[in-house]
Amino acid sequence: MILHSYLALSGILFTIGLVGVVTRRNIIMILLSLEILLSAANLAFVAFSQALGDLSGQIMVFFVMIVAAAEVTVGLAIAVVLVRQHGKSNADDLRDLRW
Amino acid sequence: MLKLPFLDRPMSHPFFFYMLSTLMIASALGVILNRNPVYAVLMLVSTLFALSGLFVLLGAYFVAAIQVIIYAGAILVLFLFVVMLLDMEPETLLKIKGSTLRVTGLIFGLFFLWQFLRAARAMTPFSTAGNMRVAGTTAAIGKQLFTTYALPFEVASGLLLVGIIGAVVLAKKKIP
Numbered sequence: 001m002i003l004h005s006y007l008a009l010s011g012i013l014f015t016i017g018l019v020g021v022v023t024r025r026n027i028i029m030i031l032l033s034l035e036i037l038l039s040a041a042n043l044a045f046v047a048f049s050q051a052l053g054d055l056s057g058q059i060m061v062f063f064v065m066i067v068a069a070a071e072v073t074v075g076l077a078i079a080v081v082l083v084r085q086h087g088k089s090n091a092d093d094l095r096d097l098r099w
Numbered sequence: 001m002l003k004l005p006f007l008d009r010p011m012s013h014p015f016f017f018y019m020l021s022t023l024m025i026a027s028a029l030g031v032i033l034n035r036n037p038v039y040a041v042l043m044l045v046s047t048l049f050a051l052s053g054l055f056v057l058l059g060a061y062f063v064a065a066i067q068v069i070i071y072a073g074a075i076l077v078l079f080l081f082v083v084m085l086l087d088m089e090p091e092t093l094l095k096i097k098g099s100t101l102r103v104t105g106l107i108f109g110l111f112f113l114w115q116f117l118r119a120a121r122a123m124t125p126f127s128t129a130g131n132m133r134v135a136g137t138t139a140a141i142g143k144q145l146f147t148t149y150a151l152p153f154e155v156a157s158g159l160l161l162v163g164i165i166g167a168v169v170l171a172k173k174k175i176p
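Chains as they are written, first to last, in our numbering: chain E, 1 to 99; chain G, 1 to 176.
So that you can see chain G by itself, here it is in the shape it has in the complex (with noise of 0.2 Å):
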């Protein structure tokens, strides 16, 4: 029987990883040229979706999960909110001032890439295909983190508090 060398773990087929990043690449792209804040929203949404396969495809499992849950459940729920409440019209992309500001961040941003992926070229080669080195399950997340970072766990609800008390303090009406 033809043994395929990718049926014992399927998912590591490149076609998922190629599948996922171009759905990923054309969300984010439709993230910054939609006019609409609403379908911009959603894009986002889908971006967020499709980097969680990406995590899953890494063994990151914990990482998707509460990405899909965080990110795509709670942030851009507040998002959609917010852009509701504040009922926003379409933003005219093409009024921006002679355009010069999209030149020069195209061209600063595709500078950028260059030097990015000279810099990730120039490593040494790791795979992350062959075999699994590390399973990010909820087990071995939870016992890292609630003994070597411990720490940082107890600051980071500290900063949740304060970005909540933050928000109310800003966001409410004056009270007379």
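So that you can see chain E by itself, here it is in the shape it has in the complex (with noise of 0.2 Å):
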């Protein structure tokens, strides 16, 4: 396959997830979409290191997934408070910090 198919692929998840991201109102369920934004990152980071012959790209997406644990990690965390606090994971009930 070229690497235009793949990155085509992963145009395709990257709008997946935008979509899911600006849709849905769960806090979780944003935070799962951000997860597939990150997996079509990576998708192209790989596409490019095998087109390029080059290691650096699948490095990246090492560093990338490191990143991404830790942004769940953090993230489930601030999801476990608000529900404890405000009883709903709803996104668009959160307005406390609006005025």
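Any given hint could turn out to be false.
[What the hints assert, rightly or not] Computed, partial: chain E to chain G, Cβ under 7 Å:
#1 V19
#2 T23
#3 I36
#4 Q50
#5 V74
By construction, these hints were calculated from the structure, which means they are not laboratory data.
Here a beta-carbon is modelled for each residue, glycine too, at the ideal position from N, C-alpha and C.
Make the complex out of the two chains shown on their own, each in a separate frame, by following the hints.
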């Protein structure tokens, strides 16, 4: 397969995740869609790494996974605290900072 | 004897690419369209498995392995724990006010996809099929990681430590 197939696939996956982030209102679902976005970026990184013959892209994927792990840990902790304090997990209902 | 061009590297046949990408797109759609968070998490597991298959097709063996172990194994189990801990009711996707948000999201998503594909098509074509230029084995990745990328590697361990401490501080109950 040529690089363009993988790039098109990455774009489709990114679009699905983007629509998920915009349309879903549950904070857990927004975090799940963010994981799809990061995975789409990972696919583009690996495709470019193979096309250019350079391993740096795959190492970047490694770092993206580390950042995703840290992000998920903190994000889920925030979600647990929000549900514990407000009793709801809808992102539209959380407007304490708005005045 | 008939020599098929893909027999020396059987995974490079386009059938595997199309099968895995169909599975991946269908599961990703399942993630964002499912109302039940538990099913959505399981769909994401399937998406990431298909993605790791694509990584194998691209010769990124180490990345494919840690994709399954870290993402599908650790991160999504964490997701499942939290979904079940919070005991979420299936959210009603259709209850969004006036559904303008969904239409706007879809339009902007399609616009983004159009722009992305246009930019991708404008590039000079590389072939990833014929000769594998690099093999992302553990040895090759590890050699790069501990020489060229040693400093980012150490910084990443610091980031993980901050993540662990932050999660504990955020999620623990107040100690009287």
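Results for each hint:
no.	hint	result
1	V19	4 Å, holds
2	T23	4 Å, holds
3	I36	6 Å, holds
4	Q50	5 Å, holds
5	V74	5 Å, holds
Going down the numbered hints, you'll see the structure goes against none, and every one checks out.
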